[in-house]
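When the letters of the sequence shown are read in order and numbered with our numbering, they come out as residues 1 to 245.
Calculated from the structure, these hints are not laboratory results. Just so you know, not all the hints are guaranteed correct.
As the list claims (entries may be wrong) - The calculated label-pair distances, taken between Cβ atoms and stated as ranges, are:
| # | residue 1 | residue 2 | range |
| --- | --- | --- | --- |
| 1 | LYS22 | PHE144 | 37 to 43 Å |
| 2 | LYS18 | PHE97 | 22 to 28 Å |
| 3 | TYR106 | SER191 | 32 to 38 Å |
| 4 | LEU170 | LYS90 | 37 to 43 Å |
What the hints assert, rightly or not - Keeping only pairs whose Cα atoms sit at most 30 Å apart, straight-line, the calculated DSS-like set for lysine-lysine is:
| # | residue 1 | residue 2 |
| --- | --- | --- |
| 5 | LYS101 | LYS219 |
| 6 | LYS210 | LYS23 |
| 7 | LYS23 | LYS219 |
| 8 | LYS149 | LYS177 |
| 9 | LYS228 | LYS101 |
| 10 | LYS141 | LYS40 |
| 11 | LYS228 | LYS215 |
| 12 | LYS100 | LYS187 |
| 13 | LYS9 | LYS187 |
| 14 | LYS100 | LYS228 |
| 15 | LYS177 | LYS29 |
| 16 | LYS112 | LYS100 |
| 17 | LYS141 | LYS92 |
| 18 | LYS149 | LYS90 |
| 19 | LYS206 | LYS219 |
| 20 | LYS9 | LYS27 |
| 21 | LYS168 | LYS215 |
| 22 | LYS9 | LYS100 |
| 23 | LYS149 | LYS18 |
| 24 | LYS168 | LYS205 |
| 25 | LYS141 | LYS27 |
| 26 | LYS219 | LYS112 |
| 27 | LYS219 | LYS149 |
| 28 | LYS228 | LYS141 |
| 29 | LYS148 | LYS177 |
| 30 | LYS9 | LYS206 |
| 31 | LYS141 | LYS206 |
| 32 | LYS18 | LYS100 |
Since this is a predicted model, take the numbers as computed values, not measurements. We put the CB at the ideal spot given by N, CA and C, even for glycine.
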Amino acid sequence: MGLIMPLSKYYNVIIENKLYSKKSHLKNKLCRLFGDITFKNKKVLDIGSGTGIYALYAAVKGADLVTCLEPELNGSSKGMNNTFEAVKQKLKLNNIFLLKKTFQDYNQTDIKYDIVLLHNSINHLDENACRNMEQSIAANKSYFELVKKIYDLMNNNGRLIICDCSNKNLFPMVGLKNPIAQNIDWKTHQSPQRWIRIFERAGFKKISLKWNTPKYFGKLGNIIFGNKIVSFLTNSHFRVEFIKP
Numbered sequence: 001m002g003l004i005m006p007l008s009k010y011y012n013v014i015i016e017n018k019l020y021s022k023k024s025h026l027k028n029k030l031c032r033l034f035g036d037i038t039f040k041n042k043k044v045l046d047i048g049s050g051t052g053i054y055a056l057y058a059a060v061k062g063a064d065l066v067t068c069l070e071p072e073l074n075g076s077s078k079g080m081n082n083t084f085e086a087v088k089q090k091l092k093l094n095n096i097f098l099l100k101k102t103f104q105d106y107n108q109t110d111i112k113y114d115i116v117l118l119h120n121s122i123n124h125l126d127e128n129a130c131r132n133m134e135q136s137i138a139a140n141k142s143y144f145e146l147v148k149k150i151y152d153l154m155n156n157n158g159r160l161i162i163c164d165c166s167n168k169n170l171f172p173m174v175g176l177k178n179p180i181a182q183n184i185d186w187k188t189h190q191s192p193q194r195w196i197r198i199f200e201r202a203g204f205k206k207i208s209l210k211w212n213t214p215k216y217f218g219k220l221g222n223i224i225f226g227n228k229i230v231s232f233l234t235n236s237h238f239r240v241e242f243i244k245p
């Protein structure tokens, strides 16, 4: 049974290790990311977990098991796995584990997950396929098979969250570098509508699609500016939540 620890320690450790700029920004991000999802006694899979900020939160909030997949490939920052282990030790967590594997190499069949997260990682599962999805049937098939694998790893009524930047953004469309998201290769991203079609074809049911604002907009900014138009003019970051019926 997962034990819930005080969130204050989690926030302090994350900020002390410079994994997030401000506690208020992190609180707002977590609220926006997870909404009404609860973690107590749940099994969680974080695909492309990075430094593990969100997976660690799930562990702190009482998840029975949190599995993190992070091979440190393209799109990853060097040393993320070492950072994760250091933070895990500081928080004294024994319900969260990091596997240095790609999702393709993950073949655990005896665990079914209640919550699956792909935060800024859906496009990295197969970057070449993601880049060619508009022209290639094979690329779409590749992603469909990956999504079916996710589906098979989940319990019924399990929740799935994907977050990423849409390739529909003003700046690349007019040939300019986006000042808010300067390092993004927009050609390796897809619109949420395309992802929704693939996930629904695999058997998932969409619950919601939301557009996120840059973190410095704050909580009020999310309420006022969290829409498709403002997102198109900023970072085009979206959140889609699905359920496995």
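Within a Cα-Cα threshold of 30 Å, do LYS228 and LYS101 meet the stated pairing?
violated, 34 Å
CA of LYS141 to CA of LYS27, is that 30 Å or under?
violated, 37 Å
For the pair we were handed, LYS9 and LYS100, check the Cα-Cα distance against 30 Å.
holds, 26 Å
Is it true that the CA of LYS100 sits at most 30 Å from the CA of LYS187?
holds, 26 Å
For a C-alpha distance cap of 30 Å, please report whether LYS23 and LYS219 respect it.
holds, 12 Å
Is the hinted pair LYS101 and LYS219 satisfied, with a Cα-Cα distance of at most 30 Å?
violated, 35 Å
Does LYS149 pair with LYS177 here, judged by a C-alpha cut-off of 30 Å?
violated, 35 Å
Between LYS206 and LYS219, does the CA-CA distance stay at or below 30 Å?
Cα-Cα ~24 Å, so holds.
Sort out whether LYS100 lies within 30 Å of LYS112, counting only the CA atoms.
Since the Cα atoms of LYS112 and LYS100 sit roughly 19 Å apart, the hinted pair holds (cutoff 30 Å).
Hint consistency between LYS141 and LYS92 [alpha-carbon to alpha-carbon, up to 30 Å]:
Violated, because 41 Å separates the two Cα atoms, which is more than 30 Å.
Proposed proximity, LYS215 with LYS168 (alpha carbon, max 30 Å):
holds, 20 Å
Are the Cα positions of LYS228 and LYS215 separated by 30 Å at most?
holds, 16 Å
In summary, the structure is inconsistent with hints 3, 5, 8, 9, 10, 13, 14, 17, 18, 23, 25, 26, 27, 29, 30 from the numbered list given earlier, while agreeing with the others.
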